[in-house]
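Novice: Those protein sequences? They're chains E and G, same order as listed.
Residue numbering for the first sequence follows this note's numbering, starting at 2 and increasing by one per position.
Residue numbering for the second sequence follows this note's numbering, starting at 14 and increasing by one per position.
Worth flagging that the hints you see were computed from the coordinates, not collected in a lab.
Quick reminder that beta carbons are idealized off the backbone N, C-alpha and C, glycines included.
Please note that a few of the clues may not be correct.
As the list claims (entries may be wrong) - Footprint (simulated), chain E over chain G, 3 or more residues, beta carbon under 8 Å:
hint, region
1, 32–41
2, 45–52
3, 60–73
4, 98–112
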Amino acid sequence: GAGVSQSPSNKVTEKGKDVELRCDPISGHTALYWYRQSLGQGLEFLIYFQGNSAPDKSGLPSDRFSAERTGGSVSTLTIQRTQQEDSAVYLCASSLAREKWDYGYTFGSGTRLTVV
Amino acid sequence: AQKITQTQPGMFVQEKEAVTLDCTYDTSDQSYGLFWYKQPSSGEMIFLIYQGSYDEQNATEGRYSLNFQKARKSANLVISASQLGDSAMYFCAMREEWNDMRFGAGTRLTVKP
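Make a model of the complete structure from these sequences and hints.
Specialist: And the structure:
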């Protein structure tokens, strides 16, 4: 597609429920990133996918968070047993590979998650 | 270690005036890119401007220009003729070869009518 697409744009869930957030990157972008942004805060790195390589999960805050990327394209971020502190905007970005230092990230419009 | 530093948590500017948002970075690489993103209240991260480490001229994109001072490791964003729609969070970022993009903490700009 022309841009990075994220769905849903807004999600309200009850504490303890599982949620799935979807990201469809730009075609041809091999790198995909998930970030979390709490209200008024900066970007917190969660996970990075590069092609078919094993993902860099170093930013995932707990084992309730997981992500997968199918066929090197669409990615799903899953949060199990949601807690109120999981409330945030979840941003997805795609780009060319890491060696492309002169190429920026293209971000989706984000999913605003509210846990009540 | 903090790679990108934005020292201004908040800035105010009068409509139609120019404003400079500060950004300093830390790297020992020769090849790197510097980026500025705007994040309005809607939440989307919008790419504004890019400066490559080898570029000798300062980057410009419309009302945005990047004041690149390589020796000082500074990449300040200058917005000329501010508009009310410029009110947003602004993030400075750097990407080194074989590394992921690093973001500063952001500066919240408010344009006053």
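Novice: Now tell me if each hint is right for this structure.
Specialist: Verification of the hints:
no.	hint	result
1	32–41	violated (count 0)
2	45–52	holds (count 4)
3	60–73	holds (count 3)
4	98–112	holds (count 7)
The structure fails to meet hint 1 from the earlier list, while all remaining hints are met.
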